[in-house]
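Visitor: Protein sequence lines correspond, in order, to chains G and A. To convert a position in the first sequence, counted from 1, into the working numbering, add 23. Quick note on numbering: the working numbering labels position 41 of the second sequence as 34, and the sequence is numbered without any gaps.
One should not assume that every hint holds.
What the hints assert, rightly or not - Now the stretches of chain A that chain G is said to cover, found in silico as 3 or more residues with beta-carbon under 8 Å:
#1 -1 to 12
#2 53 to 62
#3 65 to 71
#4 92 to 101
#5 104 to 117
#6 120 to 133
#7 159 to 166
Simulated from the structure, these hints should not be mistaken for laboratory data. Glycine residues also receive a C-beta, built at the ideal position from the N, C-alpha and C atoms.
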Amino acid sequence: MSSIHPDQVTAQQLAGLSRLPDRGTPAPGTGDGSLIDDPSVRSPLVLNERTFKEVTDIVCGYAENKPGKWWLPALMISGSIAGIGGLAILYLVITGIGTWGLNNQVDWAWDITNFVFWIGIGHAGTLISAILCLLKQKWRTAVNRSAEAMTIFAVICAATFPGIHIGRQWMAWFLPPLPNANNIWPNFKSPLLWDVFAISTYGTVSALFWFMGMIPDLATLRDRADMRLRASKTGPIIAPFIPIRVDAVRAYVYGFLSLGWRFSSRHWHRYEAAYLVLAGISTPLVLSVHSIVSFDFATSILPGWHTTIFPPYFVAGAIFGGFAMVLLLLIPARELFPNMKDFITLKHMENMAKIILVTGSMVGFAYSMEFFIAWYSGNEYEAHVFKFNRAIPTWMSDKGAPYWWAYWAMIFCNVVSPQVFWMRKFRTSPAAIFAVSFLVTIGMWFERFVIIVTSLHRAFLPGEWGMFFPTAVDITTFIASCGVFLTLFLIFLKFLPVFAIAELKAVMPQASPHHHADGHDAGHGHGGGDHSKGGHH
Amino acid sequence: MSSKVYTTESGEVVYAMVAEFETPADVYHAAEKVRDAGYSRWDVHTPFPIHGMEDAMGVKRTILPMVIGVVGLSCAGLGFLMQWWMSGVDYPLMTQGKPFATWQAFVPITFELGILFSAFTAIIGMLFFNRLPQWYHPLLKKDRFLRVSDDRFMICIEAGDANFDPDRTRALLEGAGGKHIDLVEE
């Protein structure tokens, strides 16, 4: 029985972080070959006519080869920032939440702003993995793995903030309904408790969905490590003088995580059924999570919060901000990793830019609707909040509030900046998309700041009026949450399958059992199984 | 389980016979032939789920979605009862002048718990019906089999199948276009 040696040529090409050969030149006017205007022709989802083997080699190569020179410094910087955040939280816990800029008037500020900001970012990942799956959007296969990873890391960052804002953090175990010596139960009529259940369900389901999707790809990594172990007696070891081969560790760890997956079609059948159900239940879940987050505000009586438009408005904003973050991560990644542009094409960029344009406009509509209702309801408190506390600058009226600039920063970033995507030149330019995504991320942070702080800082009575100024602890904790997010994402990029390898192969034209290499329906203008001719009998 | 136990030349018990295919179309049509030959304990191993393979293999539709539905709805119901009992019976808490047990306020958590337990059932049920995790399997010892996770397609007919016969099964797989036909030891 002979051992199969992994393809040395491809392996070396990848080890040198080199580019696999380009095949053919894209037709003029189609960018990298994916921007096809003819609706009867499907854009290729994988460029350069990659074979199954090349797809495996490219994606597994990211986890198996040395990363680019940028990776370790980037990890060290983001990890240090995350560590400083740990110190800031420690200081907060031993001192009290007075170390944040909170006061009796503004008792929610950056903590809840950051919470809503991060939880919203997660929503894009679930939209891609669940809603686009149900809508049979095949382009999602190139971005779903990394977007789901981003979701989980964003939920981790998000869950930290309500966890540390409760004041006596060691009492956090009172949040779930656990039996306790006081014989009390949490208040199930409170939206804050609904939020506890929504966020923990969301985090758990996202992690399960992500893990299940990774099982086959982890098995691929396991098998490749096994093949190298069997092919040769020697190989790289984990550290000098420790004679344990890296591939042995890989075979063990990936092997454990892949649960013995052996690519059986009987297994695939149940796997796909479970996948579809998870997509089906994640769709209402993702809509419910940000709706419930918005109930934290909408069920109160505070003008500016007490608004029935909040649930859909929050969901649209979450998807909007989440896609911006997906693009902020993937645009640099596709530049830094070799061959990634074969999978994340300009068409993928354009699709995501279109989603940003649509959801940004929905958010813009919601902003204007708030003003309309404030006027139409005849409620003077409501009208005052929107007219003076948010929109009118201090230099235009004595009644204007000092946070007007935050409101207009939000409008510029969220409503104005995405409008450039009406022009194709901008929505197919990675640089332009990156710039808009950056603005949108800032804008969505300000949206939550505007909703929370400008509503709280001037409530009904003059005694409820005050200002919020962030302290160093506020700022450090927020920046550190970005560090945690980036650290986790960098680790993901290095050690896990960054693309859903099996799903990516399944949407390639040659994956269809009715595809003939010699023939009529070849050509990369077609998606995978969608031209199956139905039952064969 | 057929009574006959086959062994290789070295005396090892045979687990199955495997054949390799190059393309999804090849393995798809070969699967149809194996199905029509009346085998029941056999499988097709492919790097990704092939569209329509259930029909080519004659696999019955899984009951997994039904199981998920039943468990999910039951857990949602239990979640509702939990809230009703805790808020309405065991620890009635007066808030905002609302009744102690208000079903409307219990909707969000009921929904979330239904989703949470459906998700657990989906993944645990998928693994349970697939008899996973199973870290040891005879096929994984086979070097050529490891290529299935890359770009190869393999049909595996178990020696335990009532129709299994080393010569006839080999002839069937050869006739279906299988390459590298080989026996897998237990």
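Visitor: Hint by hint, say whether it matches the structure.
Guide: Now the hints, each set against the structure:
Counting residues of the region -1 to 12 of chain A whose C-beta lies closer than 8 Å to any C-beta of chain G gives 0; at least three are required, and the coverage claim is violated. Check result for the region 53 to 62 of chain A against chain G: holds, 4 residues qualifying (beta carbon to beta carbon below 8 Å, three or more required). Counting residues of the region 65 to 71 of chain A whose beta carbon lies closer than 8 Å to any beta carbon of chain G gives 1, which falls short of the minimum of three for the stated coverage. For the region 92 to 101 of chain A, the stated coverage by chain G is satisfied: 4 residues place a CB nearer than 8 Å to a CB of that chain, which reaches the threshold of 3.
With a threshold of 8 Å between beta carbons, the proposed coverage of the region 104 to 117 of chain A by chain G holds, since 10 of its residues qualify and at least three are required. Check result for the region 120 to 133 of chain A against chain G: holds, 11 residues qualifying (beta carbon to beta carbon below 8 Å, three or more required). For the region 159 to 166 of chain A, the assignment as covered by chain G is violated, since 0 residues bring a beta-carbon within under 8 Å of that chain's beta-carbons and 3 are needed.
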